[in-house]
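There are 2 protein chains.
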Amino acid sequence: MSARVLVVDDILPNVKLLEAKLSSEYYDVLTATNGEEALEKAENESPDIILLDVMMPGMDGFEVCRRIKANPDIAHIPIVMVTALTDAEDKVRGLESGADDFLSKPINDTALMARVRSLVRLKMSLDEWRIRENTANQLGVVGEASNVMTEPVEGARVLVVEDKDFENKKVKETLAQDHDIVMSAESGAKAIELASAHDFDLMIVSLNLDEEDGLRLCSHLKSNEKTRGLPILMIGEIDDMSRIAHGLEIGAHDYILRPVDRNELIARVRTQIRRKRFQERLRSTYEISLSMALTDPLTGLYNRRYLEVHMQKLLQKNQTSKKSLGVLLIDIDHFKQVNDTHGHAVGDEVLKIFAERLTANLRSFDLVARIGGEEFIVILPDVSEQRAYMVAERLRCSISEVPVPCGVPEGTLNITTSVGGAIIDHGEHTTEEVMERADKCLYQAKEGGRNCTVFEGVGKLDPAQYKSEERQVIE
Amino acid sequence: MSARVLVVDDILPNVKLLEAKLSSEYYDVLTATNGEEALEKAENESPDIILLDVMMPGMDGFEVCRRIKANPDIAHIPIVMVTALTDAEDKVRGLESGADDFLSKPINDTALMARVRSLVRLKMSLDEWRIRENTANQLGVVGEASNVMTEPVEGARVLVVEDKDFENKKVKETLAQDHDIVMSAESGAKAIELASAHDFDLMIVSLNLDEEDGLRLCSHLKSNEKTRGLPILMIGEIDDMSRIAHGLEIGAHDYILRPVDRNELIARVRTQIRRKRFQERLRSTYEISLSMALTDPLTGLYNRRYLEVHMQKLLQKNQTSKKSLGVLLIDIDHFKQVNDTHGHAVGDEVLKIFAERLTANLRSFDLVARIGGEEFIVILPDVSEQRAYMVAERLRCSISEVPVPCGVPEGTLNITTSVGGAIIDHGEHTTEEVMERADKCLYQAKEGGRNCTVFEGVGKLDPAQYKSEERQVIE
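Protein chains in written order, with the working numbering: chain F, 1 to 475; chain E, 1 to 475.
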């Protein structure tokens, strides 16, 4: 992919050299010759990646990097620090300030281009999710926009594939300080097996395995839908640069050169973990907005929309399976009085506890939804009439027998509920018909004095009888 | 990115040759030697791309392609047909059966690898959206899963950048049969300007422009956030193959070789339009699910969740702007009787029309939400008490003065509503406090005989007075 690259260096010939190299690869190049200009262009020109010199008069590269990473609007832009410094400490300082990589001058062109392509690709796949999060955010579906830099970087699960004992031990020991699980795999096949079975956050792969080609392993992981999303950090020799570049093309996220510096390893692993968690967060925003579309915000129960979609599916399934569905319409008695007398806040408390009691008294595969202000529906797959009636009575008693705690002077309110029930056989039925049938029984329950259950074709039953029957079934 | 490639050819040495080439580039390779096996592996092994021989005994490549593209679960997998056939007609037949490209044997390695990389990249960016659509689909938020092959391919907007008059005219004439707008730009700068200002579906770029480098134009378009998503079809000579490959790397989607065959052009353009529309459809699924999270399915009004988020924002804004908010709580009178007497279907009809009348009588920036079964809230930014009261009365009369048409024997029902209103000054307020205040007035309106408005600090006003006041304000 083409991309917009911001080149920052105080020495003009350096800028020109990088600009020429990148431009010949058809990148769009922006330039800046000091820290302030770099910040200004990062904020206003939407670069896809920044190549940042460290040693500049005034604001140096470390400070520019820190400021970019502290700004949630631009913190996601990848930064490669480019410098004459070769000290491991400087490198780690750069990585810790949020840079994605640290390349030493004179720049190896293969390494530079492979790195730019790889980081641009990662950014673009994140961009789609960031745009969506912004939309969700503006609509108020989710809270604050995420910033990659605020993600936790510890407590991850890491798998190491390195057959040199000394190196393996060193990597594992180093990472054990930060992370919860650091496992190793003795072969590519074992690594693939472990990666498919466990939920790792990062895989570290040596490109210098004796028995096999580490790149082949990377390729397998990246070709498999299950493991495609797992970030890979390669370990290689300086002479492996063209293979490392190939690894980045295949989809590995990062690499570290031998001899492995412990602090650099820690810093690079943190960057990967942070980015993975950021990506997961963006994705979960989507799931949250979906689940919000289908639930009632007050009680957390499913809403009418969910009910309508799923009732249809359940009725079809019932027809095929030749079983019966129980449908209960449940309406709180005199709920309007609760709201009118004690206010909506108290009414809401009652609804919440009501919903909790319903849920607590149902099986996990029963469906319960709030379909109106004080009206709920329960659908019981695969039940007899007797069983459905017993469930209805259990739900009714769970409300009436224990006063509902809420913010009234007395501390609790006595609440009762009426239930209308029907059994739907495996013939052809519409949602409307089913609702009408249950609704008629609910109406009779209300007319019959409330705090009772009326079942279609059975009428109002004697609770005493239900109790003895439940005992029979349980016994 | 690494990827899983399915190679299909009935001649084993051909399979082995392609397998070796792809494997040396670290692709995961699957193979099939006939149509049935190809279909089976396409369905069960999740390939990212299929290289498909045309001439096979039994089921030929055209038929395999058609069957894959007819199956919504796998229709999104890109297919490159590989064949000894060089007839333009066969090529078009392949493209029309849904293939993404058609390469002739002996295969040019540059062309093959560039094409595979490009198609794999496109597929992966779509995959994220497909997975999300599946989730939405399973939850019943959206209807049927989309299939790329069912997208319309006509009526698009195309921009052509070609400085050879004869060719330009030919391309435009050919595409004018299918498409609504076919414009041309005489230079890259003009093309960038047009592409930023208009919403094109496709851009066609010559790689043989006299005055400039067409690849540079592609790169600019792909580097700019606004035009990044615009598909590009390149036109080039057979000798341009390495530049074409570079163009695919930069992010162009497809190319066609000179002399341009009209039918091939039509087919390739259709493929691009179809894919772009598919992608747009997947994205809109997300927007739909978001809006569903915030609206009431029955009336289409905002729901309580939206209200709670936005009330907070409005109260803050009010504090800063030093203005006042009007808040009206509106409750349909005796709505329970409507449901009990006429059933929920009639009740729902009443709610819908009620919501429509509220919306019709408000300004576009007023907020109206359904916050309970028959309870609504209206928030009026920047109003005086007098104006808020007038709006309340207008809403109330819009309900009571015209009977509501619905499915009852009489054809209409007389419905009335009570309104409680309060003016919130620019001090500090909580949502709860505001709701409580309006709720108290609503309670008084109900106690005071219903079908009336009670305003905080004012009480029940005489509608006659309101009418004269409204006249004054209007006059």
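No lab work stands behind these hints, which were simulated from the structure alone. In this text the structure is predicted, and so the values were computed from the model without any measurement. A couple of the hints might just be wrong.
Since the list gives no way to pick out one identical chain from another, each pair is judged satisfied if it fits inside one copy or across any two copies.
[Stated by the list, open to error] Think about it this way: if two alpha-carbon atoms lie no more than 25 Å apart in a straight line, the pair counts; the simulated DSS-like pairs of lysine-lysine are: (1) 164 / 105; (2) 69 / 172; (3) 226 / 69; (4) 164 / 41; (5) 41 / 313; (6) 440 / 276; (7) 164 / 317; (8) 41 / 226; (9) 105 / 16; (10) 460 / 123; (11) 336 / 164; (12) 322 / 69; (13) 276 / 123; (14) 170 / 446; (15) 322 / 170; (16) 323 / 164; (17) 170 / 41.
Checked hints:
1. 164 / 105: neither (30 Å within a copy, 45 Å between copies)
2. 69 / 172: neither (29 Å within a copy, 48 Å between copies)
3. 226 / 69: Between copies only: 24 Å across chains, 31 Å inside a chain, cut-off 25 Å.
4. 164 / 41: neither (45 Å within a copy, 38 Å between copies)
5. 41 / 313: Neither way: residue 41 and residue 313 sit 54 Å apart in one copy and 31 Å across, limit 25 Å.
6. 440 / 276: This pair counts as neither: shortest intra-copy Cα distance 54 Å, inter-copy 51 Å.
7. 164 / 317: Neither way: residue 164 and residue 317 sit 57 Å apart in one copy and 63 Å across, limit 25 Å.
8. 41 / 226: between (39 Å within a copy, 17 Å between copies)
9. 105 / 16: Answer is within: at 15 Å inside a copy they meet the 25 Å cutoff, but 43 Å across does not.
10. 460 / 123: Neither. Shortest intra-copy (65 Å) and inter-copy (60 Å) distances fail the 25 Å Cα cut-off.
11. 336 / 164: neither (74 Å within a copy, 77 Å between copies)
12. 322 / 69: neither (61 Å within a copy, 36 Å between copies)
13. 276 / 123: both (12 Å within a copy, 21 Å between copies)
14. 170 / 446: neither (74 Å within a copy, 77 Å between copies)
15. 322 / 170: neither (63 Å within a copy, 64 Å between copies)
16. 323 / 164: neither (62 Å within a copy, 72 Å between copies)
17. 170 / 41: neither (41 Å within a copy, 43 Å between copies)
Consistency with the previously given hints fails for numbers 1, 2, 4, 5, 6, 7, 10, 11, 12, 14, 15, 16, 17, ordered from lowest to highest.
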